[in-house]
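Guided by the hints, dock chain B onto chain A, whose structure is given.
From first to last, the protein sequence lines stand for chains A and B.
Following our numbering, the numbering of the first sequence begins with 1 at its first residue and continues without gaps.
Following our numbering, the numbering of the second sequence begins with 1 at its first residue and continues without gaps.
Everything labelled a hint here was simulated from the structure, so no lab data went into it.
Treat the hints with care, as some may be off.
[As the list claims (entries may be wrong)] 30 Å max Cα-Cα, derived DSSO-like pairs, lysine-lysine: (1) A:Lys118 - B:Lys115; (2) A:Lys326 - B:Lys295; (3) A:Lys295 - A:Lys308; (4) B:Lys326 - B:Lys115; (5) B:Lys118 - A:Lys115; (6) B:Lys147 - A:Lys118; (7) A:Lys115 - B:Lys115; (8) B:Lys326 - B:Lys295; (9) B:Lys308 - A:Lys118; (10) A:Lys115 - A:Lys308; (11) B:Lys118 - A:Lys308; (12) B:Lys115 - B:Lys295; (13) B:Lys118 - B:Lys295.
[Said to hold, decoys possible] Heads up, incomplete: computed chain B residues facing chain A, CB under 10 Å, no partners named: (14) Asp39; (15) Leu43; (16) Lys118.
[What the hints assert, rightly or not] Chain A stretches covered by chain B per the calculated footprint, using a threshold of three residues with CB under 8 Å from any CB of chain B: (17) 5-14; (18) 54-67; (19) 106-114; (20) 228-238; (21) 265-272; (22) 307-321.
Just so it is clear, the structure is predicted and the values come from calculations on it, not from any experiment.
All residues carry an ideal CB built from backbone N, CA and C; glycine is no exception.
There are 2 protein chains.
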Amino acid sequence: MADPVEMVELWRGPFLESVHRGHAVVCDASGRIVAAWGDPEQLIFPRSSCKMIQALPLVESGAAGAFGLTQEHLALSCASHNGAAIHTDRVNRWLSDLGMTDADLRCGTQVPDDKEAKFALIRSHAEPCQVHNNCSGKHAGFLTFGKHMGWGPEYTEIDHPLQQEIRTVFSEVTGLDTPGYGIDGCSAPNFATTVHGLARAMAFFAKAQPDAASARERAAAALREAMVTYPELVAGEGRACTELMRAMGGKVAIKTGAEAVFTAILPEQGLGVALKIVDGATRASECAIAAILVKLGVLDAAHPATRKRMNAAVLSRRGLEAGVIKPAAALLA
Amino acid sequence: MADPVEMVELWRGPFLESVHRGHAVVCDASGRIVAAWGDPEQLIFPRSSCKMIQALPLVESGAAGAFGLTQEHLALSCASHNGAAIHTDRVNRWLSDLGMTDADLRCGTQVPDDKEAKFALIRSHAEPCQVHNNCSGKHAGFLTFGKHMGWGPEYTEIDHPLQQEIRTVFSEVTGLDTPGYGIDGCSAPNFATTVHGLARAMAFFAKAQPDAASARERAAAALREAMVTYPELVAGEGRACTELMRAMGGKVAIKTGAEAVFTAILPEQGLGVALKIVDGATRASECAIAAILVKLGVLDAAHPATRKRMNAAVLSRRGLEAGVIKPAAALLA
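The shape of chain A in the complex, shown without the other chains (with noise of 0.2 Å):
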């Protein structure tokens, strides 16, 4: 039971301010650690940084085959998105191809973190709607598979068929019975593992094969591939989800998760990594994950991208540079 180890720093001035601890670890498929932060055993929930494993069932099942899904349905399937027009278009669509409605998901509404969508949206006097939720499209995967199934509606609830099929998944590919759930934001349940369990998850989607002949591989390696092929669709303009895996070239699929959770895929490494920094801030985070691919050699800490995660200027709202938010020497040495 290591201690989190100091991950990211906020210095303003000459001194530090804040300062974020977390637990965080690579490893390879068979669970071999190759590097560790703080507790490799530290349990976590990985709420939305494990939507690729919420969506293996959809594909392995054939449900994604029999109703046609494409690479950008299964993106979606993954994403904590913006509720931009690109991502709510999409998920519209797709549930009107289910013959389905907003008033079928079951992931409430939330206001959209995209500025043009919210504007709108204020300035029409509306609402958002359930397809504005950064989840819709995990739901809009869910409900595709339970129609596939046959399941009835109530997808979220912890005893409904498709939630007891993710249980298993989700311990199967972890290497961990899941020791119980708790609510996600999006009212799904969401299953606690370590950062180890959910490290060696992501490995086996790196090391997962188009053409294996096992199902959940081939599920797996469609998954992480959609995510690298559309990551706009993964979470949006801005977001470090999208703006890492396009400056890393398609090559690493990555994965925020609220509460300060980050998992990376690396197929041609093998490797998975998951993080969780133990306060909850997303800010440290973002610096956390971009740290690690720097140190894996799969991101370039030149590269703008990087640097806003791991430099990020902090300004006074007169935009004078008051401060940096950047890795601690752990993540660095």
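Same frame as chain A, now just chain B:
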């Protein structure tokens, strides 16, 4: 150099999801520590939690009296406000009374937190002004003090006599020569001190008498009374400072600062409080200050404003209760 102490926990379902550590001191005006968590001598930036110190020279110098400033002006000079009409109308009038305009402020613009004000700007396709900046009252106070003294307009520069005066006063009331400064979000210098130093300054405010021989003491009492008399001007509807000051019935002044600092002034007890959550999360500083105020017997644990911070429900976007943010054992013992 004690480590920071676990102060606030986020539980989701059966598991601890995130945790916040911090330093806190309760002391009297002599600097004697009554209670402490973590390292009292930890260096911090007080940020906006020390606005009442930055406003001291405005009152002590006689500028506030010469310009006929009321309690409302003084409350605004200590405020991190929401940019609601009750704030911006008053700051605009204040600037006009000085023969100045929004353009004389040097705080920069900020989208108001107040929903009504924000939506009005978006719907009219207008950009926010400097009066919308949460610090515009502090800056109007700076302009008043500068005008009274006949100083130049560059009042946010570190070598401007206004900032040098604040530096002197800041060091005196904290009982510690400040080791330096950083640039605050509003582009003004923010002087560093220790948690202990900041708490001692708050105890000076707590002990200050309106009829004291010392002009500084009278100034401190006037600012403290302005804060508790107009809690809605110090922050805004729904905000922790406003709601908790109301819940304490005007007996205690409190003030939040960016990067999770909080201060409290307890006149009846002659005590000052300062705390810093090391990761900078406001959700945690609000929870911790509420817990400490309950512990000190000045805030009712059962009051809705208290429960909203000390046991804040974490809800899913469909309104399901998914978890709770609550004080860690160290703040409850």
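**Prompt:** Does lysine 118 of chain B pass the interface check with chain A, least Cβ-Cβ distance below 10 Å?
**Reply:** holds (8 Å)
**Message:** Quick check on the hint: aspartate 39 of chain B CB to chain A CB, less than 10 Å?
**Reply:** At about 13 Å, which exceeds the 10 Å cut-off, the nearest Cβ of chain A leaves the hint on aspartate 39 of chain B violated.
**Asked** Mind checking, does the segment 265-272 of chain A have 3 or more residues with a CB under 8 Å from chain B?
**Response** violated (count 0)
**Outcome, coverage of the segment 54-67 of chain A by chain B - at least 3 residues whose beta-carbon is closer than 8 Å to one in that chain** = violated (count 0)
**Asked** Do the alpha carbons of lysine 118 of chain A and lysine 115 of chain B lie within 30 Å of each other, as the hint requires?
**Response** OK: lysine 118 of chain A and lysine 115 of chain B at ~13 Å, within 30 Å.
**Item:** Three-residue Cβ test at 8 Å for the coverage of the segment 106-114 of chain A by chain B
**Value:** Per the Cβ count (5), the hint holds.
**Request:** Take the C-alpha atoms of lysine 115 of chain A and lysine 308 of chain A, compute the straight-line distance between them, and say whether it is at most 30 Å.
**Result:** Between lysine 115 of chain A and lysine 308 of chain A the Cα gap is close to 20 Å, so the pair holds against 30 Å.
**Request:** Please count how many residues of the segment 307-321 of chain A have a CB within 8 Å of a CB from chain B and say whether that reaches 3.
**Result:** Result for this restraint: holds, n = 6.
**lysine 115 of chain B paired with lysine 295 of chain B [C-alpha distance capped at 30 Å]** = Roughly 33 Å separates the two Cα atoms, so the pair is violated.
**Message:** Check the hint pairing lysine 326 of chain A with lysine 295 of chain B against an upper bound of 30 Å on the C-alpha distance.
**Reply:** At roughly 36 Å apart (the allowed maximum being 30 Å), lysine 295 of chain B and lysine 326 of chain A break the hint.
**Prompt:** Is lysine 326 of chain B close enough to lysine 115 of chain B, meaning Cα to Cα at most 30 Å?
**Reply:** holds (27 Å)
**Outcome, coverage of the segment 5-14 of chain A by chain B - at least 3 residues whose beta-carbon is closer than 8 Å to one in that chain** = Since 4 is at least three, the answer is holds.
Of the hints listed earlier, those the structure fails to meet are numbers 2, 6, 12, 13, 14, 18, 20, 21, in rising order.
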